[in-house]
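Asks: Sequence:
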Amino acid sequence: MLSVKFEKSIDIHKQFAFSYFSAYFEECFGKLYNDSYHDIVFVCIGTDRATGDCLGPLIGYKIQDMNYNNIHVLGTLDNPVHAKNLEDHLKDLENYHKPFVIAIDASLGKFERIGFVNIKEGPLSPGSGVNKSLPQVGDMHITGIVNMSGFMEIMVLQNTRLSLVMNMANIISKGVRYNMWKLQNKKQSLNASLFSNEYPESDGRILLNSEGS
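Be aware that the sequence shown starts at 119, since it is given in this note's numbering, and climbs by one per residue.
None of these hints come from the bench; they were simulated from the model.
Ideal Cβ positions, reconstructed from N, Cα and C, are used throughout, including at glycine.
Take every hint as true, because none was put in to throw you off.
No more than 27 Å apart at the CA atoms, straight line, and that leaves these computed lysine-lysine pairs for DSSO-like:
#, residue 1, residue 2
1, Lys300, Lys123
2, Lys216, Lys123
3, Lys149, Lys216
4, Lys180, Lys149
5, Lys250, Lys228
6, Lys228, Lys132
7, Lys202, Lys216
8, Lys180, Lys300
9, Lys180, Lys304
10, Lys292, Lys149
11, Lys250, Lys123
12, Lys132, Lys292
13, Lys180, Lys202
14, Lys300, Lys126
15, Lys149, Lys209
16, Lys123, Lys292
17, Lys180, Lys209
18, Lys238, Lys209
19, Lys216, Lys238
20, Lys228, Lys292
21, Lys123, Lys228
22, Lys228, Lys238
23, Lys180, Lys216
24, Lys238, Lys292
25, Lys180, Lys305
26, Lys126, Lys228
27, Lys238, Lys304
28, Lys300, Lys132
29, Lys238, Lys123
30, Lys132, Lys180
Computed beta-carbon distance windows for the label pairs:
#, residue 1, residue 2, range
31, Asp157, Asn197, 17 to 23 Å
32, Met273, Asp153, 43 to 49 Å
33, Ile272, His215, 33 to 39 Å
Construct the complete structure from the given sequences, taking the supplied hints into account.
Replies: Pasting the structure below:
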């Protein structure tokens, strides 16, 4: 029996959008990320030269300072990942240790879907909304529908409201940071528990203190 691929959408204008995004992200990530992976790499695609297309770089900018050894961010406002350099950055993924890749990008869609964020299992096809053929990327991906598709896509991206993109970037980046924090705390608690089982008199605090020093 074929398993159904994970796919959820969140309207950022609705109440509790952050909570829904965080929960759906955790569900999708938890389904896919396992012991066969080590590094977590966020590939935030787009360019700051077009308002609608800067969602990825904005999110990269907002999450780039996560101070965890196995979490990495490609694509920021200063160093964007876009159509012209995407293939080079995908080659760089080989330098990471068993990477689990999360792709993030802006997208276009139906008028009534503007403002929705999609979390999906499987790779992203960047550039498809503007009729560009680019390599697929990601074990899971996040897209934000920033404007309407169907005509003059490049101009539409350039005339997208910044407030919408900023609101999306805030919700997505906060949700990502929260989930990565939870993941690291879970790992730390597990390590402390294993240490305590081996050395009961320590109750795990030695390990935690040594990691934080």
